[in-house]
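Undergrad: Here is what each chain is made of, one letter per residue.
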Amino acid sequence: MDFAAIVLVQVAYAIASLALISVGLAVIYGMMKVINFAHGEFLMLGGYAVILPVQAGVNLWIAMLIIAPLAVGLFGIVVERLIIRPLYGRVIDTVLATWGLSLLLIGLASAVLGYYQEGSKPPLGSVAIGAYRESVYTFFVIGVATAVMLALYLGLKRTRFGLIARGTMQNPAMAAAVGVDTGKIYAATFGLGAALSGLAGGILAPISGVVPVIGATYIAKAFITVISGGATVLVGTAAAATLLGSVNQIVTFVTGPVVGEVALLAAAVILLRLLPAGITGRLFRGGV
Amino acid sequence: MKLGVSDAGRLALAAAGVAAMIVLPRVVELFTLVELAVFCILAILALSLAFVWGFGGILSFGQSAFFGLGGYAYALAIANIGESTVPILLGILVPMLFAVLLGYFMFYGRISDVYLAVITLTVSLIFYHLINSTSGPDYMIGKARLGGHNGIPGIPPINLPGDPAAQLDIAVVFQVSLATLLLVYFGLRALLASQFGRVLVAIRENELRAELLGYDARRYKLFAFTIGAGIAGLAGVLFATWGSFIGPSVFSIGFSAQIIIWIIIGGLGTLGGAVLGTVLIQYLTTWLGESKIADANLVLGVVFIVFVLLVPNGLVPTARKLMSARRRVGR
Numbered sequence: 025m026d027f028a029a030i031v032l033v034q035v036a037y038a039i040a041s042l043a044l045i046s047v048g049l050a051v052i053y054g055m056m057k058v059i060n061f062a063h064g065e066f067l068m069l070g071g072y073a074v075i076l077p078v079q080a081g082v083n084l085w086i087a088m089l090i091i092a093p094l095a096v097g098l099f100g101i102v103v104e105r106l107i108i109r110p111l112y113g114r115v116i117d118t119v120l121a122t123w124g125l126s127l128l129l130i131g132l133a134s135a136v137l138g139y140y141q142e143g144s145k146p147p148l149g150s151v152a153i154g155a156y157r158e159s160v161y162t163f164f165v166i167g168v169a170t171a172v173m174l175a176l177y178l179g180l181k182r183t184r185f186g187l188i189a190r191g192t193m194q195n196p197a198m199a200a201a202v203g204v205d206t207g208k209i210y211a212a213t214f215g216l217g218a219a220l221s222g223l224a225g226g227i228l229a230p231i232s233g234v235v236p237v238i239g240a241t242y243i244a245k246a247f248i249t250v251i252s253g254g255a256t257v258l259v260g261t262a263a264a265a266t267l268l269g270s271v272n273q274i275v276t277f278v279t280g281p282v283v284g285e286v287a288l289l290a291a292a293v294i295l296l297r298l299l300p301a302g303i304t305g306r307l308f309r310g311g312v
Numbered sequence: 216m217k218l219g220v221s222d223a224g225r226l227a228l229a230a231a232g233v234a235a236m237i238v239l240p241r242v243v244e245l246f247t248l249v250e251l252a253v254f255c256i257l258a259i260l261a262l263s264l265a266f267v268w269g270f271g272g273i274l275s276f277g278q279s280a281f282f283g284l285g286g287y288a289y290a291l292a293i294a295n296i297g298e299s300t301v302p303i304l305l306g307i308l309v310p311m312l313f314a315v316l317l318g319y320f321m322f323y324g325r326i327s328d329v330y331l332a333v334i335t336l337t338v339s340l341i342f343y344h345l346i347n348s349t350s351g352p353d354y355m356i357g358k359a360r361l362g363g364h365n366g367i368p369g370i371p372p373i374n375l376p377g378d379p380a381a382q383l384d385i386a387v388v389f390q391v392s393l394a395t396l397l398l399v400y401f402g403l404r405a406l407l408a409s410q411f412g413r414v415l416v417a418i419r420e421n422e423l424r425a426e427l428l429g430y431d432a433r434r435y436k437l438f439a440f441t442i443g444a445g446i447a448g449l450a451g452v453l454f455a456t457w458g459s460f461i462g463p464s465v466f467s468i469g470f471s472a473q474i475i476i477w478i479i480i481g482g483l484g485t486l487g488g489a490v491l492g493t494v495l496i497q498y499l500t501t502w503l504g505e506s507k508i509a510d511a512n513l514v515l516g517v518v519f520i521v522f523v524l525l526v527p528n529g530l531v532p533t534a535r536k537l538m539s540a541r542r543r544v545g546r
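Chains X and S, in that order, give the protein sequences.
Take any residue in the first sequence, note its place counting from 1, add 24, and you have its number in my numbering.
Take any residue in the second sequence, note its place counting from 1, add 215, and you have its number in my numbering.
None of these hints come from the bench; they were simulated from the model.
Treat each hint with caution, since some may be false.
[Unchecked claim] A partial selection of chain X residues facing chain S, derived with a Cβ cut-off under 10 angstroms:
no.	residue
1	119
2	126
3	235
4	236
5	252
[To be verified] Every beta carbon over 12 angstroms from chain X, so not counted as near; a handful from chain S, in silico:
no.	residue
6	304
7	340
8	391
9	511
[Stated by the list, open to error] Covered, in the sense of this in silico footprint (three residues per stretch, anywhere, with C-beta under 8 angstroms from a C-beta of chain X), are these stretches of chain S:
no.	segment
10	431-443
11	449-458
12	486-497
13	500-508
In this text the structure is predicted, and so the values were computed from the model without any measurement.
C-beta: ideal position from N, C-alpha, C; glycine also.
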């Protein structure tokens, strides 16, 4: 019984962290069809935006929930203005440009901050579940991921900005014709996606640590999750994260982390073969 | 036979290649020769993707999987056989066979665009994780250890067919690599000029129209994908013998992406551009690594961003456009 509970928590955690690292990429890809290859480095920046202020004496929670998303979000708006805007509609070129940005950020981070990894242990201690102990931070990550997904869903479905954003996503020319400043919407979307990446990077920083090259461990998984989700980004990403995260964690429990990782990738391949346009190419089509 | 401008250019290119093969080993230092050899080998890899992506319209994000498979197949086979002829063939055939399976799975499932890119990338990452986890002594194939994240060191070089003692030295490895590069380049040119090549480009331009004209797009794509895998595998074989080493990092996302970058820099839809892009970027990377003027990542990052903003079509198409514009002004 206790074991079942712990497995359940771990599966929920795997899903939550997968959703968290993917959601920033999903917002940017879904709205703008820009594949942001510097996504992993946005997460890395989020991590530093927590670690450095905390070393300077700032409260951990303020750094994590306010400074990290704000800093990376602002950085995202600058990046959109300078690099992404001239390349709209040229998917492959944005891959090259954002890949360049990714190398640039890795180079800068290792030149300025070095490869030394600041060790830190997850805050909040642990809680007993029967005979096992589970870190409270695990529940915090699950909670944040759920809150982020819910807030995004409601924001896109219920607010005026969400309506305009969805309209721009569906038909930019029409949106511009009825007076929407699509450039502004794109900038805001990119900033939002970057802010979410910063938040995710900040929240995962106490668990995984931060080094300049940490982005590489995130980018592939995030990319695969978002594309497997399909055209309806938010629902798609949630569905894909749920499926792939469960497969990963359950197989990890049965065999080991390597096979778990391979099972995640294999599941994505089979999923795309069965649903060639991602999960939301066929299911949940009414979502956002 | 009447020769057009481009035919004359190709003849000149072939002559220059043969001349380089004969002259360079006598004049340049050994170290430079080693470097030139790896440029040629990576350029072969770039050509394989330039063909599959630029002319077949198939963005394979895991082209390095075939490169790695070729290298590993060669390394494992030669450790068991001890003579290089069969391992070289295996290094080409194993990736091709795998490409047939994967390609059938994808093209006959009507997977395209970004979804295809993700599947190929994912397959490459599966190899990466699997090979990485085979460090222990239990993972043997015949007499050879798979080596896990340490890779396979001490891979024997290519020998003359039938005579394991007659191993090629580095000057000959350079000559073989350059000769292979030229052969692959002209082979692909010939293939693209054939009926098959024309249909392939037609499918890239408009798949539906080509199908309505009666061509089975799936079959053509599968064929092109398999050829590309064979070429990438051959490059992998040469790479494994060049450094007498192959490791799992060839399956990583960075290695795959770098091939795409060579092609975009040189110009998508050209073969010469892929070679040019590879040599330029590799030269820049090596030079930055040696001279330590600045962090290589930092400089490459800036180069990519500036490049995509200022020369979006790639070097070769931009140069062609400039030349034809000048010719028009001249008249």
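Undergrad: If you look at each residue in the segment 500-508 of chain S, do at least three have a Cβ nearer than 8 angstroms to any Cβ of chain X?
TA: As far as the segment 500-508 of chain S goes, the hint is violated, because 0 residues have Cβ atoms under 8 angstroms from chain X.
Undergrad: If we take the beta carbon of residue 391(S), is the closest beta carbon in chain X still more than 12 angstroms away?
TA: Check passes; 32 angstroms lies beyond 12 angstroms.
Undergrad: Under 10 angstroms is the threshold here; is the Cβ of residue 126(X) close enough to any Cβ of chain S for the hint to stand?
TA: holds, 7 angstroms
Undergrad: According to the definition I'm using, a residue is off the interface if its beta carbon is farther than 12 angstroms from all beta carbons of the partner; does residue 304(S) meet that for chain X?
TA: holds, 28 angstroms
Undergrad: Does residue 236(X) pass the interface hint, meaning its C-beta sits closer than 10 angstroms to a C-beta of chain S?
TA: OK, holds: residue 236(X) within 10 angstroms of chain S, min 9 angstroms.
Undergrad: Closer than 8 angstroms, Cβ to Cβ, for at least three residues: run that test on the segment 486-497 of chain S against chain X and report holds or violated.
TA: Violated: only 0 residues of the segment 486-497 of chain S have a Cβ under 8 angstroms from chain X.
Undergrad: Against chain S, is residue 119(X) within 10 angstroms by beta-carbon distance?
TA: Holds. Min distance 7 angstroms.
Undergrad: Can we keep the residue 235(X) interface hint, with Cβ of chain S closer than 10 angstroms?
TA: Check failed: Cβ of residue 235(X) comes no nearer than 13 angstroms to chain S, outside 10 angstroms.
Undergrad: At least three residues with a C-beta closer than 8 angstroms to a C-beta of chain X: is that true for the segment 449-458 of chain S?
TA: Check failed, 0 qualifying residues.
Undergrad: Should the label of residue 340(S) as a non-interface residue stand, given a Cβ cut-off of 12 angstroms to chain X?
TA: About 6 angstroms separates residue 340(S) from the closest Cβ of chain X, which leaves it inside 12 angstroms; violated.
Undergrad: Does residue 511(S) clear chain X by more than 12 angstroms, comparing its Cβ with all Cβ atoms of that chain?
TA: Violated, because the least Cβ-Cβ distance between residue 511(S) and chain X comes to about 7 angstroms, which does not exceed 12 angstroms.
Undergrad: Could you check if residue 252(X) really has its C-beta closer than 10 angstroms to a C-beta on chain S?
TA: The hint holds - residue 252(X) has a Cβ within 10 angstroms of chain S, the shortest such distance being about 7 angstroms.
When held up to the earlier numbered hints, the structure conflicts with 3, 7, 9, 10, 11, 12, 13 and fits the remainder.
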